[in-house]
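One letter stands for each residue in the lines below.
Protein chains: 2
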Amino acid sequence: MTTPLTWLQRNAGQAREELFDFLRIPSISARSEHKTDVTRASEWLATRLRAAGLTAGIFETKGHPVVLGEWRGAGPSKPTYLVYGHYDVQPVEPLELWSSPPFEPTVRDGRIYARGSVDDKGQLYLHVKALQAHLETHGHLPVNVIVLAEGEEEIGSENLSGFVAEHASRLACDGVIISDSAMFAPGLPSILFSLRGLAYLQVDVEGPKSDLHSGSYGGAVVNPATALARIIASLHDDARRVAVPGFYDQVVAWDDSVREQIRALPFSEEEFRAEAGSPALGGEAGYSTLERNWTRPTLEVNGLLSGYTGEGAKTVLPSRAMAKISCRLVPDQSPDEIAALVTEHVRRVAPPEVTVTVRSLHNGRPWRATLEGPLFEAGKRALERAFGKAPVLTGEGGSIPVVGDFQRILGAPVLLMGFGLPGENAHAPDEWMSVENFEKGMAAAAMLWEELVTRDS
Amino acid sequence: MTTPLTWLQRNAGQAREELFDFLRIPSISARSEHKTDVTRASEWLATRLRAAGLTAGIFETKGHPVVLGEWRGAGPSKPTYLVYGHYDVQPVEPLELWSSPPFEPTVRDGRIYARGSVDDKGQLYLHVKALQAHLETHGHLPVNVIVLAEGEEEIGSENLSGFVAEHASRLACDGVIISDSAMFAPGLPSILFSLRGLAYLQVDVEGPKSDLHSGSYGGAVVNPATALARIIASLHDDARRVAVPGFYDQVVAWDDSVREQIRALPFSEEEFRAEAGSPALGGEAGYSTLERNWTRPTLEVNGLLSGYTGEGAKTVLPSRAMAKISCRLVPDQSPDEIAALVTEHVRRVAPPEVTVTVRSLHNGRPWRATLEGPLFEAGKRALERAFGKAPVLTGEGGSIPVVGDFQRILGAPVLLMGFGLPGENAHAPDEWMSVENFEKGMAAAAMLWEELVTRDS
Numbered sequence: 426m427t428t429p430l431t432w433l434q435r436n437a438g439q440a441r442e443e444l445f446d447f448l449r450i451p452s453i454s455a456r457s458e459h460k461t462d463v464t465r466a467s468e469w470l471a472t473r474l475r476a477a478g479l480t481a482g483i484f485e486t487k488g489h490p491v492v493l494g495e496w497r498g499a500g501p502s503k504p505t506y507l508v509y510g511h512y513d514v515q516p517v518e519p520l521e522l523w524s525s526p527p528f529e530p531t532v533r534d535g536r537i538y539a540r541g542s543v544d545d546k547g548q549l550y551l552h553v554k555a556l557q558a559h560l561e562t563h564g565h566l567p568v569n570v571i572v573l574a575e576g577e578e579e580i581g582s583e584n585l586s587g588f589v590a591e592h593a594s595r596l597a598c599d600g601v602i603i604s605d606s607a608m609f610a611p612g613l614p615s616i617l618f619s620l621r622g623l624a625y626l627q628v629d630v631e632g633p634k635s636d637l638h639s640g641s642y643g644g645a646v647v648n649p650a651t652a653l654a655r656i657i658a659s660l661h662d663d664a665r666r667v668a669v670p671g672f673y674d675q676v677v678a679w680d681d682s683v684r685e686q687i688r689a690l691p692f693s694e695e696e697f698r699a700e701a702g703s704p705a706l707g708g709e710a711g712y713s714t715l716e717r718n719w720t721r722p723t724l725e726v727n728g729l730l731s732g733y734t735g736e737g738a739k740t741v742l743p744s745r746a747m748a749k750i751s752c753r754l755v756p757d758q759s760p761d762e763i764a765a766l767v768t769e770h771v772r773r774v775a776p777p778e779v780t781v782t783v784r785s786l787h788n789g790r791p792w793r794a795t796l797e798g799p800l801f802e803a804g805k806r807a808l809e810r811a812f813g814k815a816p817v818l819t820g821e822g823g824s825i826p827v828v829g830d831f832q833r834i835l836g837a838p839v840l841l842m843g844f845g846l847p848g849e850n851a852h853a854p855d856e857w858m859s860v861e862n863f864e865k866g867m868a869a870a871a872m873l874w875e876e877l878v879t880r881d882s
Numbered sequence: 426m427t428t429p430l431t432w433l434q435r436n437a438g439q440a441r442e443e444l445f446d447f448l449r450i451p452s453i454s455a456r457s458e459h460k461t462d463v464t465r466a467s468e469w470l471a472t473r474l475r476a477a478g479l480t481a482g483i484f485e486t487k488g489h490p491v492v493l494g495e496w497r498g499a500g501p502s503k504p505t506y507l508v509y510g511h512y513d514v515q516p517v518e519p520l521e522l523w524s525s526p527p528f529e530p531t532v533r534d535g536r537i538y539a540r541g542s543v544d545d546k547g548q549l550y551l552h553v554k555a556l557q558a559h560l561e562t563h564g565h566l567p568v569n570v571i572v573l574a575e576g577e578e579e580i581g582s583e584n585l586s587g588f589v590a591e592h593a594s595r596l597a598c599d600g601v602i603i604s605d606s607a608m609f610a611p612g613l614p615s616i617l618f619s620l621r622g623l624a625y626l627q628v629d630v631e632g633p634k635s636d637l638h639s640g641s642y643g644g645a646v647v648n649p650a651t652a653l654a655r656i657i658a659s660l661h662d663d664a665r666r667v668a669v670p671g672f673y674d675q676v677v678a679w680d681d682s683v684r685e686q687i688r689a690l691p692f693s694e695e696e697f698r699a700e701a702g703s704p705a706l707g708g709e710a711g712y713s714t715l716e717r718n719w720t721r722p723t724l725e726v727n728g729l730l731s732g733y734t735g736e737g738a739k740t741v742l743p744s745r746a747m748a749k750i751s752c753r754l755v756p757d758q759s760p761d762e763i764a765a766l767v768t769e770h771v772r773r774v775a776p777p778e779v780t781v782t783v784r785s786l787h788n789g790r791p792w793r794a795t796l797e798g799p800l801f802e803a804g805k806r807a808l809e810r811a812f813g814k815a816p817v818l819t820g821e822g823g824s825i826p827v828v829g830d831f832q833r834i835l836g837a838p839v840l841l842m843g844f845g846l847p848g849e850n851a852h853a854p855d856e857w858m859s860v861e862n863f864e865k866g867m868a869a870a871a872m873l874w875e876e877l878v879t880r881d882s
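Protein chains in written order, with my numbering: chain A, 426 to 882; chain B, 426 to 882.
Just chain A, same shape as in the assembly (with noise of 0.2 Å):
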């Protein structure tokens, strides 16, 4: 007898060479003469989904087009889930650091190495796929399915929120579903259960209306990059904590489980600081590396620029300087309300003898998933089926702002279960995609459906 399992694994060298045509769409949607490319990966997800037994409709935006499948054929009495991807991918410069073309997918070691791969073509297809495979081989799914896949999450997802909330009647769901995060270590499927906000800001100061002599001036005029480094130094305190008064007032700390979870993982400190190619590891008093990274809210400089950068000696007292600030956040720190607390804290130790502006350039909110559920339950079973082994709980340092928003527009739980691997390249160039992760991914996918109504039922 067929099931979606033995139809997929029938079907795996097939998958494989649709998702190749997927990936050979060069459908970078920060680059505008790439348009008519994002717009054919939009077309051809369509098409694909119709293939796999869903309808399905393009959606102009403001920016480019949102794909919609449905497959509603449960009716109205079951649950109904929806799968959120996004078709668009990351510009693939600097071109000479990739060893196969970006745009032309390359099996080398068991990987598929193309830009989109991992993020998220590979891992939005293997949902498809999965699809596919219950309503070939069952003619019906036990829930109803959306598939919502946008092209503008690499640039922000500007118009999705608005999308969502446009159409939030017809999106109503029971759940939503996303893969597009990595799995902690090779064989150890993971369930995420954090991700942090941001609040990211732009500082700059000025001195005097155009660069000096710094010898004609310098002593009697305030330097505005030295007034800068201050104001930065003012932000945290010797132990590595933020010393913007009030920082940590909403911060929610995690329960001991959760801190044990994490102290469980196999992770090495070492190959972490390898990585990084950095000196030696440091953050916050207190806590371990992946604490500081997934729990604990951060404030990096990510970038600086005053006076004088060229080589050799210009004696300049520099007429501004300027320094890009963002905040990593946790549940429940407010972006806004961070991006306050901050810019009042560099008003207040800043000197007078300059002037400050502090423009808040993007907010996002954290992110913590709510560790039960019969979509958390049946993610957890699908995922040990699948990988013969049950999933770890990771968090993560980065930002997936449409992930709050499904929550709070929809208010439905969002089980974020991902198939990519640490290494593997996702903004970078040779982003890869395990082919082992890309098969069980569907594998997981399919069993997710079996496991839902198994719950359900």
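Among the hints, a few may not be true.
Identical chains share a label here; the pair holds if one copy fits it or two copies do between them.
[Stated by the list, open to error] In silico DSS-like cross-links for lysine-lysine, where the CA-CA straight-line distance does not exceed 30 Å:
| # | residue 1 | residue 2 |
| --- | --- | --- |
| 1 | Lys-739 | Lys-634 |
| 2 | Lys-503 | Lys-805 |
| 3 | Lys-487 | Lys-739 |
No lab work stands behind these hints, which were simulated from the structure alone.
Put chain B on the given structure of chain A with help from the hints.
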């Protein structure tokens, strides 16, 4: 009867025409495409020295040539004085900010506008004409005279001290006269009593081997930009004193008479602030603006660079951060010693999780005039005669390293009597020299020779 002064008055128009020829040569020493122009300027000057009645030669160096004019007709029993100047000029960019082309000298509102007008062709050539005035009218000078003009002042005078050391016996003299500075105010002749020295350093902080994702690594890897800001913040205390241990140990206090003279100068803090275009002035506690600028050492940040500095938000944890830092020094601080102290301090405060490198880029000694002796007294009298007002003593926050070199290598006192004016745009578009100061400068230079012999006889 024709005197040097009446000769200069009668030939003032001719002198200005000749200066205009000099100014038309774009002798930009920093630009290799102007190398032949620099050579042409050296030849033009040698020709004019011969026309004035001196012998003149051109000496090749590893860079641009040195022009040496000599008149030794006073004989070995008489003293010898050396006039130093430079015939090279600064680059002219940004060209669009010039009201008239930089190498087409134009008189507007009593000012000669041209690159090099005040820095230093005009101030060098007024000495040539003063010498010619004596030789044309008396046929001789009361002392032996050497004119030494270099073509590399604007690029650091790299070959000058070597030239002076190599020709030390030929250049042996009883005093050096330099006109390459400005008067404190219009109508107020000035003698410089000090120049600050320079110790210019570059600090490089290296963390991870490449830029990291600030989400995936932020909080767990020490940020080089933050580390650099904290290092810079440690360089001053809250009273804006330099906080590097030992920094002030070699600073010689000025006697009260100099502080009183500085306080007596017609100086408006508000005008200085407006000229700097700074929201407010500020500096080391306990000193006035002129004292901070002339008599106190400083430590300034000249440049900062790290991470992402373009538009918008990029969530990078920078791999490295760079600062250019320079100290202006006062007697008897040693540039080498100060560079070593700052380097030691930076290494001591740097966190162990980053690698910090400090490189010395440029050094220059501070200088202080001997405010007595025949040259100083003759200069005072000559300036008073030419301008009808006793000169004031002023300091200079900038550095002219060759001054210290002359004093050290030749063992001769240096007289700095400059004829520029505030706002002269020496290194900027619309550089100018006042016609009045060019003419009174020629007169003062001519009278200097008379005053020297009055004193000497």
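State whether the alpha carbon distance between Lys-739 and Lys-634 is at most 30 Å within one copy, between copies, both, or neither.
-> The answer is both: 18 Å in one copy and 28 Å across copies each meet 30 Å.
What label fits Lys-487 with Lys-739 when the C-alpha limit is 30 Å: within, between, both, or neither?
-> Cα proximity of Lys-487 and Lys-739: across copies only (22 Å, versus 46 Å in one copy).
How would you classify Lys-503 and Lys-805 at a CA-CA limit of 30 Å: within, between, both, or neither?
-> Within one copy only: 21 Å inside, 102 Å across.
In summary, the structure agrees with every hint in the numbered list given earlier.
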